[in-house]
Each structure stands twice: as C-alpha cells, then as structure tokens.
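Peer 1: Sequence:
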Amino acid sequence: MGQGQADIAIQTLKECARNGEWLCLKNLHLVTAWLPVLEKELNILQPKSNFRLWLTAEVHPKFTPILLQSSLKITYEAPPGLKKNLLRTYESWTPEQISHKGLVSRAQSLFCLAWFHAVCQERRNYIPQGWTKFYEFSLSDLRAGFEIIDRLFEGTQDFQWDFVHGLLENAIYGGRIDNIFDLRILRSYLEQFFNSRVIAGSNSRSRKMSPFPSQVNLPNSCSIIDYRNVIESLPEDDKPGFLGLPANIDRSSQRIISSQVISQLRILNRSVTAGSKFDREIWTNELSPVLNLWKKLNTGSALIHQKVLPPSERQGSPVLSFIILEQFNAIRLVQSIHQSLAALSKVIRGTSLLTLEVQTLATALLNQECPMNWQNKWEGPEDPMQYLRAVVARAIAIQSWVEKAEKQTLLSDTLDLSELFHPDTFLNALRQDTARTMACSMDNLKCIASWKGKITEAKLQVKIGGLQLEGCSFDGNRLSESQHDSPSVSAVPPCYMAWISQVLNYLVSQSVHCPLLTLKSILSFVKLKKRKNGFIRQGKWQKIRCYFTILVNFSGSGICQLQIPDEKILIFNF
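For the sequence shown, counting from 1, position 227 maps to 227 in this note's numbering; every step adds exactly one.
Bear in mind the hints are in silico, worked out from the structure with no lab data behind them. Note that this is a predicted model, so its numbers are computed, not measured. Glycine included, each C-beta is placed from N, C-alpha and C at the ideal position. Among the hints, erroneous ones may be present.
Within a straight-line C-alpha distance of at most 30 Å, the following computed DSS-like cross-link-like pairs (lysine-lysine) qualify [as the list claims (entries may be wrong)]:
1) K404 <-> K296
2) K26 <-> K62
3) K452 <-> K377
4) K295 <-> K239
5) K463 <-> K407
6) K377 <-> K277
7) K307 <-> K346
8) K346 <-> K404
Beta-carbon label-pair distances, calculated as ranges [unchecked claim]:
9) R332 <-> T409: 24 to 32 Å
10) T32 <-> I257: 37 to 45 Å
11) G300 <-> L353: 30 to 38 Å
12) E77 <-> L45: 29 to 37 Å
13) R436 <-> D250: 42 to 50 Å
14) T363 <-> D250: 34 to 42 Å
15) R332 <-> E77: 46 to 54 Å
16) R332 <-> D250: 37 to 45 Å
17) T94 <-> F134: 26 to 34 Å
18) T355 <-> R478: 53 to 61 Å
19) T363 <-> L67: 26 to 34 Å
20) N220 <-> T75: 35 to 43 Å
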C-alpha cells in the first residue's frame, strides 16, 4: 500500500470477496488515514465463505484499534543475532545467484555484503553505542546491494571498490543515516569489507586485517553450501567483537534497558484520573514525597531566601562573568521551583485556591514527569525527583565556584564540570578570556587537553576532574580494551584543558576520527592523534557541538564513552 493504491485495493477487495479468493494488503502502517475507509468496506462486504483477507503492518500509534480487534493477529519478529541474520539472507538467495558466472570473488563479495548487512542491523540493538538511533535497514537495501555487486562483476576484472563504497554509502545504506558520525562508522565498515585484501585474488590478504572473526575463513568456491557451513559454525550468541563493540557492552546495554523498564513501570503506575480533577487525598499521598524531598534538600542552605543582583555588563573577566551569571540563574531556578511547590502545598492544605498553573504542575508530577515550566529554565533529568536533586546540588556547588573566582583561585583548582548547569558555556568563556589575554581572535584558538601535566603553550588553563570512561580504560597514557568482566565505567585521571593558537601542527596520517555523543544527543566530533610530547586533546567548542582531538596510544576497534557523572556521556567509536 502507498500513495495512489487505495482505489485499486478497494476494487481488488470486492473482486476477491465475490470470487472467494485470498487477498493480501501490505504495509498498512503507511496509509493509516485510509483505514476507516477499509473498515467501512469490510462492514458492508458479503464475501464467499472461502474468502480471506490478509493485512500486514508495522507497529504504528495511529493504527485503528477497531480493525485490530476484528482480526486474528499474528506477530512476527525475526530471531536476533548475527548468525540468524546471515541464515535468513542465504535462505533468500538461490544457489544459482551465488554461483553465477562461476566467479569466486563474486561469491565472496556477496558473503561480505550479507555480513555487512547483518552487522548494520544487529548494531541497532546497542543504541547509542552501536548507532546513535534506530535506522530502518531492510531487505530492500540488501537487494540493492546485491544488484551493485552483480553489476561490478559484469565487465572487467578491475574491480572498482570505490564505486561500491560510493553507492552503498550515499544512495543505499547511507541514505537512511542522518548523523555524520554514524555515517563515518558506515564508511569504515564499507572499507573493511569491500576491498582487495578481503576478496579472493589478492595474495596480500592478512588474517590480522580481516574484518571477520578468527574462525571465519572465506571459502574459495561458488557453492552456497560452503558459505552456509561457515555461517552454521558461528556461535548462537553474538560476541560483541563481531559487531566492533567492547566485550563488556552488555553491561551498558543492560543498564539502559533497566532504565527504560523503570520508566515504563512508572508510566504504568500513573493514576488515570489523578490529574484530571482535584482530589486532596490522592494529591496528598502522591505528591508528599516530592514536597518532603524538596524540603529536605534545602535544609541547611539559604538558596530559597538568598538575594542576588543581576550580573552587570562590566563584571570582570568572561570566566568570572559566566560564574556569576550561572549563580544568578541557579538561584532564580531554585526560587522559582520553590514558589511553584509552595503554591501546590497550599492547595493541598486547603489554604489556597486551585489555579491552572498548580493544576498543570500537579498533573506532571502525578504522571512522574518533570514539569515543562522547569525544563524550559534548565533541561535536566526527566524524573522530577532526580531533577530536584540535580538542581540543588549544582546550585550549592556553584557557590564555591563564585568564591574561588572572586579570589582568582578557580583556575588553579581541579574542577568538576558536572557541577555546572552549562559546562559548554564555561569552556567558551575560557576561550574568550584566553583570546583577550593573547590579543587574538577566538577563531584562531583551539581547545587542547593534556594528561601529561600542564600545557606550556597555554596562557590560561584549567584542570578538569570527575570524568569517567565507558567501554575501555584509560590511565592517562594509553587506552586498554575492556574485558567481558570489566566495570561498565572507569575513572579517568584529571586533565589540563586550555585554548591555544591554531598553529599547533600534527600528522594527519596518525589521526583517526571518532564521535563523542551525550545521552541527550549532543554530538561532538573527536579525532585521535599521536604527538611526541604526550597525549593531547584539542578541539573547538561551539553551542552544543564540540570538535576535539584526543591523543591516545591505542590500536584496535571498539567503543568507549567519556562520562561527566550525572550530566553527559561522551562516546568514542573506533
């Protein structure tokens, strides 16, 4: 089904019902607006007894429930795993398709295509580590890839692998990807699977350079049975290394799944009628934990009564101006939350009338959601209890930042970026401060970070601590691959960060591009490079995107995440 198929479908439906034939309408999720018309036709239809109507559709929120209730439902889900995926592909291919023209290199290329397709699909089970989002890689992509491989071997034996890379990246698989970092992962897989080192006919092929596991050897034949035997030899359970992921990726995956289950359980625990009308007993029982937590968090602090003046234009250095502005906004946020919760408490106690604002606030809290009024002031955790803890913790921590900044000792202490509401703005303020000190343009600066001590080229620098790494371990000198029993996160030593001139050179041949990604989908671009004098991380921070170069001594493939606790998780894909 699709655009322009509705009239043909109705006509065919009537004809099949009249003749007692079977009819299958596919992809109804694409025409959900037309489904009421189909329901009407089914209600007035008088078919023969042997007439059957088959409907296929993917899950869609607007799919009419009446049609579902009046049907016999069958749910099909493809078995997971790389092995099952490969078997499905080779079950759809005939022996003649594999052995066409008797070219071994063609048969091996098709196996590489099947493996590449399986990896692309199975990496979707590890979001955001495998891909940043779910992409609809489907059988149509595999068929299009088959046609490309088939045409590649139609003519000359001079294989144009760049031709294959370009079509698969730009027109087929890459056409579904809208993220530049996912596109780089796709490109790296294309270069690994489709080249002369992997395909037969090259004596330079090395097992070390092979993209396949050690137990997989490409058959030197055109027999589909030989390739099926290779697939059957694979284990039923995927090893993370098959997908280019670290050995302990399941720990991260289980943590994400657990968070999703908890969120779903909270949704199930919502009271259906609690937010639609005022019920003092329900509101008291459901909202008292939130009010009590807020009271406990503010015990011993003067945030809700503290008075601060708006920062003036001539506040001093950009870093000091940012810290004072951060404090001002933090206190305003705390006091705004306090006013809204105080109004809610008065309504529950019966000392104030119910207003629309209080009703909206209570509805969100009863549904275990963070009120939009709070999120508009600072985008934090979705859970209201976690949001309140995060706000108060940062508001208290920023007080010490102000004291250190006023005493001009801030840049000499180890700083934790998770204590800020806007850590990216802090780094940009440091950039502006450095530009003033060096009397140069901000565009002529790039951000570097060193784990080898202070940066001698820097006029201003800060020491950043509290970072964590997920997917591997880093001791300040080299990255080490994670084992299956390694902790999901490991601490990273503090590093010095500064903005220096763009004239710092490095060898492009010793660099590799890697993305950084927060759980809130704030994307960053990372390069890994090697320098003689130590390990350097450099980059260019903008509003929500940052461009980094990190020097590490690491070889291999995998994934790791750099995490600012309770704030951001940054992912490295190798």
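Peer 1: Given the hint of 26 to 34 Å, is the C-beta distance from T363 to L67 inside that range or not?
Peer 2: Roughly 32 Å apart at Cβ, these two residues keep to the hinted range, so it holds.
Peer 1: That 46 to 54 Å hint for R332 and E77 (C-beta), does it hold up?
Peer 2: Taking Cβ atoms as reference, R332 and E77 lie about 49 Å apart, which means the hint holds.
Peer 1: May I ask you to test the hint 42 to 50 Å on the CB atoms belonging to R436 and D250?
Peer 2: Between R436 and D250, where Cβ atoms are some 49 Å apart, the hint holds.
Peer 1: Would the hint linking K26 and K62 be met if the CA-CA limit is 30 Å?
Peer 2: Cα-Cα ~16 Å, so holds.
Peer 1: Does the hinted range 37 to 45 Å hold for R332 and D250 at CB?
Peer 2: Holds: the Cβ-Cβ distance is about 43 Å, inside 37 to 45 Å.
Peer 1: Is 30 to 38 Å a correct range for the gap between the Cβ atoms of G300 and L353?
Peer 2: Cβ of G300 to Cβ of L353: about 33 Å, so the range 30 to 38 Å holds.
Peer 1: Given the hinted pair K295 and K239, is their alpha-carbon gap at most 30 Å?
Peer 2: 49 Å, violated
Peer 1: When you take the CB atoms of N220 and T75, is the distance between them in 35 to 43 Å?
Peer 2: 42 Å, holds
Peer 1: Confirm or reject the claim that R332 and T409 have a C-beta distance inside 24 to 32 Å.
Peer 2: Given about 26 Å between the Cβ atoms, the range holds.
Peer 1: Is K463 within 30 Å of K407, Cα to Cα?
Peer 2: 17 Å, holds
Peer 1: Do the Cβ positions of T94 and F134 conform to the proposed distance bound of 26 to 34 Å?
Peer 2: 31 Å, holds
Peer 1: Given the hint that K307 pairs with K346, does the C-alpha gap stay at or below 30 Å?
Peer 2: This hinted pair holds, its Cα atoms lying about 24 Å apart.
Comparing the model with each earlier hint shows violations of hints 3, 4, 8, 10; every other hint is respected.
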